[in-house]
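Engineer: Each chain, letter by letter, is given below.
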Amino acid sequence: MNVGILYSRIRKDEKLLLSELRDRDHEVTKIDVRKQTFDISEAPAAFADLDIVVDRCLATSRSLYATQFFEAYGIPVVNSHETADICADKVKNSLALEKAGVPTPATKVAFTKETAMEAIEDFGYPCVLKPVVGSWGRLMAKIDSESAAEAILEHKATLGHYEHKVFYIQEFVEKPGRDIRVLAVDGEPIAGMVRSSDHWITNAAKGAETDVFEPDEEALELVERASDAVGGGLLGIDLMETDDGYTVHEVNHTVEFKALDEAVETDIAGTVVDWLEEKAKAADPDLEVTA
Amino acid sequence: MTECVECGAEVSLHDDLEVGEIIDCTTCGAELEVVDTEPPVLEQAPELEEDWGE
Numbered sequence: 001m002n003v004g005i006l007y008s009r010i011r012k013d014e015k016l017l018l019s020e021l022r023d024r025d026h027e028v029t030k031i032d033v034r035k036q037t038f039d040i041s042e043a044p045a046a047f048a049d050l051d052i053v054v055d056r057c058l059a060t061s062r063s064l065y066a067t068q069f070f071e072a073y074g075i076p077v078v079n080s081h082e083t084a085d086i087c088a089d090k091v092k093n094s095l096a097l098e099k100a101g102v103p104t105p106a107t108k109v110a111f112t113k114e115t116a117m118e119a120i121e122d123f124g125y126p127c128v129l130k131p132v133v134g135s136w137g138r139l140m141a142k143i144d145s146e147s148a149a150e151a152i153l154e155h156k157a158t159l160g161h162y163e164h165k166v167f168y169i170q171e172f173v174e175k176p177g178r179d180i181r182v183l184a185v186d187g188e189p190i191a192g193m194v195r196s197s198d199h200w201i202t203n204a205a206k207g208a209e210t211d212v213f214e215p216d217e218e219a220l221e222l223v224e225r226a227s228d229a230v231g232g233g234l235l236g237i238d239l240m241e242t243d244d245g246y247t248v249h250e251v252n253h254t255v256e257f258k259a260l261d262e263a264v265e266t267d268i269a270g271t272v273v274d275w276l277e278e279k280a281k282a283a284d285p286d287l288e289v290t291a
Numbered sequence: 001m002t003e004c005v006e007c008g009a010e011v012s013l014h015d016d017l018e019v020g021e022i023i024d025c026t027t028c029g030a031e032l033e034v035v036d037t038e039p040p041v042l043e044q045a046p047e048l049e050e051d052w053g054e
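Note that the protein sequences, when read in sequence, are chains B and E. The UniProt record's numbering applies: residue 1 is where the first sequence begins, and numbers increase by one. The UniProt record's numbering applies: residue 1 is where the second sequence begins, and numbers increase by one.
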């Protein structure tokens, strides 16, 4: 099959996928989104022979538009635009999890400094302020006091892009110094890891230590439900442990798996490509997906 | 081996280089993007933007 890889940066994650696809003799078309124009009615000629496209755009805005174009052109794309749209925005992500009854941290959204301050005071200290778009733990703030809250809200309102004037405020979850990332395809886990750090932010991108996580039944069920809640796909589901069980704080749609690949024995790229072959076959039953 | 476009130091490249990949210059720390592999050509990598991430 001919697999399009939509990208703007080739990270180690993309290299793992490219290598696995080439090892299986699949044709690979690398599509640098920065060099592409998208016509609203006609697919670019370069897309003519693609059987499936994998969206690996690093920039959320590009990912959101590009997935819409591929769907409009009738070319299967993973993840779907619906999934990207929900996962790219923390507000939509939280609403989808809540609607599906998946345990998720208590969250409030406010549009002005004054109402944000009210929400923060409601939660009490500490609580957490996050940007609605963005990842790798950037611009996240653990707010310990009223004076810190006032300063951060003032900075965001004055210096930020308009998206920083959407104040996403969350309860601070007392996790045991670690959180959990499970990589899953359509709700079925490929592998999981715990990310431990002395810092309250436990992202691998922030240097957290990683170790294997074997999901128990509760985690398996939540991963499946969280995946369904956002429309399925290749996803990174982030969980935290609380006294009452797990809470799912986020589902990531252009998930990075290089840290997971180093932490576990599972052949992650191989399993992802198995899944891509299934997806392409489902879209076109006549397609020959093995070399 | 090729030259860092920022500081001119030699940058060693691995075998499985990909167009679009980011290489760090170990001398000046600049992020460099691979724009061609045969022969390898490096350019300054674009700045990180707020909506970049997984």
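If you are wondering where the hints come from, they were derived from the structure by calculation, not from laboratory data. Just so you know, not all the hints are guaranteed correct.
What the hints assert, rightly or not - Think about it this way: if two alpha-carbon atoms lie no more than 20 Å apart in a straight line, the pair counts; the simulated DMTMM-like pairs of lysine to aspartate or glutamate are: (1) B:Lys35 / E:Glu49; (2) B:Lys92 / E:Glu43; (3) B:Lys30 / E:Glu38; (4) B:Lys12 / E:Glu33; (5) B:Lys12 / B:Glu174; (6) B:Lys92 / E:Asp16; (7) B:Lys35 / B:Glu20; (8) B:Lys12 / E:Glu47; (9) B:Lys30 / E:Asp16; (10) B:Lys142 / B:Glu174; (11) B:Lys35 / E:Glu43; (12) B:Lys15 / E:Glu10; (13) B:Lys12 / E:Glu6; (14) B:Lys281 / B:Glu118; (15) B:Lys258 / B:Glu209; (16) B:Lys108 / B:Glu154; (17) B:Lys15 / E:Glu6; (18) B:Lys258 / E:Glu43; (19) B:Lys175 / B:Asp186; (20) B:Lys206 / B:Glu262; (21) B:Lys12 / E:Glu31; (22) B:Lys30 / E:Glu33.
Claimed, not checked - Part of the chain B face toward chain E, derived, beta carbon under 10 Å: (23) Thr60; (24) Asp186; (25) Glu188.
Claimed, not checked - Calculated from the model, a selection of chain E residues having no Cβ within reach of chain B, i.e. all distances over 10 Å: (26) Cys4; (27) Val5; (28) Cys7; (29) Ala9; (30) Leu13; (31) Asp16; (32) Glu21; (33) Ile22; (34) Asp24; (35) Thr26; (36) Thr27; (37) Cys28; (38) Glu38; (39) Ala45; (40) Glu49.
Glycine included, C-beta positions come from ideal geometry on N, C-alpha and C.
Engineer: Checked against the structure, which of the hints given earlier come out wrong?
Structural biologist: The structure breaks hints 2, 5, 6, 7, 12, 13, 14, 17, 18, 19, 24, 25, 31, 32, 33, 39 and 40; every other hint is satisfied.
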